[in-house]
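Asker: With the hints as extra help, turn the sequences into a complete structure.
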Amino acid sequence: MAEKTYKDNALEIAQLLEDGKAQDVTVIDVASLNSWTDYFVIATVTSSVQKQGFAKQIKDYVKENDMQIHLTHTKTQGGEDWNLVDIGPVVVHLMSKDARDFYELEKLWHAGTFLKGENA
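Numbered by the numbering used here, the letters in the sequence shown go through residues 1 to 120 in order.
Any given hint might turn out to be false.
[To be verified] Straight-line C-alpha distance at most 25 Å; calculated DSS-like pairs for lysine-lysine: (1) K56 with K4; (2) K116 with K97; (3) K107 with K63; (4) K4 with K63; (5) K97 with K63; (6) K116 with K59; (7) K97 with K21; (8) K116 with K7.
[As the list claims (entries may be wrong)] Distance ranges between label pairs, derived from CB positions: (9) N65 with K97: 28 to 34 Å; (10) K63 with L33: 27 to 33 Å; (11) D86 with G117: 34 to 40 Å; (12) T5 with E104: 25 to 31 Å; (13) E118 with P89: 22 to 28 Å; (14) A31 with H73: 18 to 24 Å; (15) E3 with Y103: 17 to 23 Å; (16) L108 with A2: 30 to 36 Å; (17) T5 with S48: 20 to 26 Å; (18) H110 with L84: 28 to 34 Å; (19) H110 with K56: 16 to 22 Å.
Hints are computed from structural coordinates only; laboratory data are not their basis.
Heads up, the beta-carbon is just placed ideally off N, CA and C, and yes, glycines get one too.
Answerer: Set out below in structure tokens:
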């Protein structure tokens, strides 16, 4: 069996999020646009409980796939709006609808290759 690529990892994490009912899951290949990551996985979460559940699932996925979380970071006060999980080649953004609408990461990284989501 061929070894998984980081693209495979990003798409599998996106599927995990979709299976858990995250909304508007998007995967963007940003490797040509920066030096610090290859893929963004962006998802809208509807509650802090859902976000915490996804964070745990991502942690389990990382462990099962011999990857490593470099950083988990919350972007706003209380950490309710945006949770960033940095796995190195894949960065996962779990965002509230308000944060997603405000930051518009898809527009900011529009030059990337959309593998999943409305621009794919």
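Asker: Hint by hint, note whether the structure agrees.
Answerer: So, going through the hints one by one against the coordinates:
no., hint, in the structure
1, K56 with K4, "holds, 21 Å"
2, K116 with K97, "holds, 18 Å"
3, K107 with K63, "violated, 31 Å"
4, K4 with K63, "holds, 14 Å"
5, K97 with K63, "violated, 28 Å"
6, K116 with K59, "holds, 22 Å"
7, K97 with K21, "holds, 14 Å"
8, K116 with K7, "holds, 11 Å"
9, N65 with K97: 28 to 34 Å, "holds, 29 Å"
10, K63 with L33: 27 to 33 Å, "holds, 29 Å"
11, D86 with G117: 34 to 40 Å, "violated, 20 Å"
12, T5 with E104: 25 to 31 Å, "holds, 28 Å"
13, E118 with P89: 22 to 28 Å, "holds, 23 Å"
14, A31 with H73: 18 to 24 Å, "holds, 21 Å"
15, E3 with Y103: 17 to 23 Å, "violated, 34 Å"
16, L108 with A2: 30 to 36 Å, "holds, 33 Å"
17, T5 with S48: 20 to 26 Å, "violated, 32 Å"
18, H110 with L84: 28 to 34 Å, "violated, 19 Å"
19, H110 with K56: 16 to 22 Å, "violated, 31 Å"
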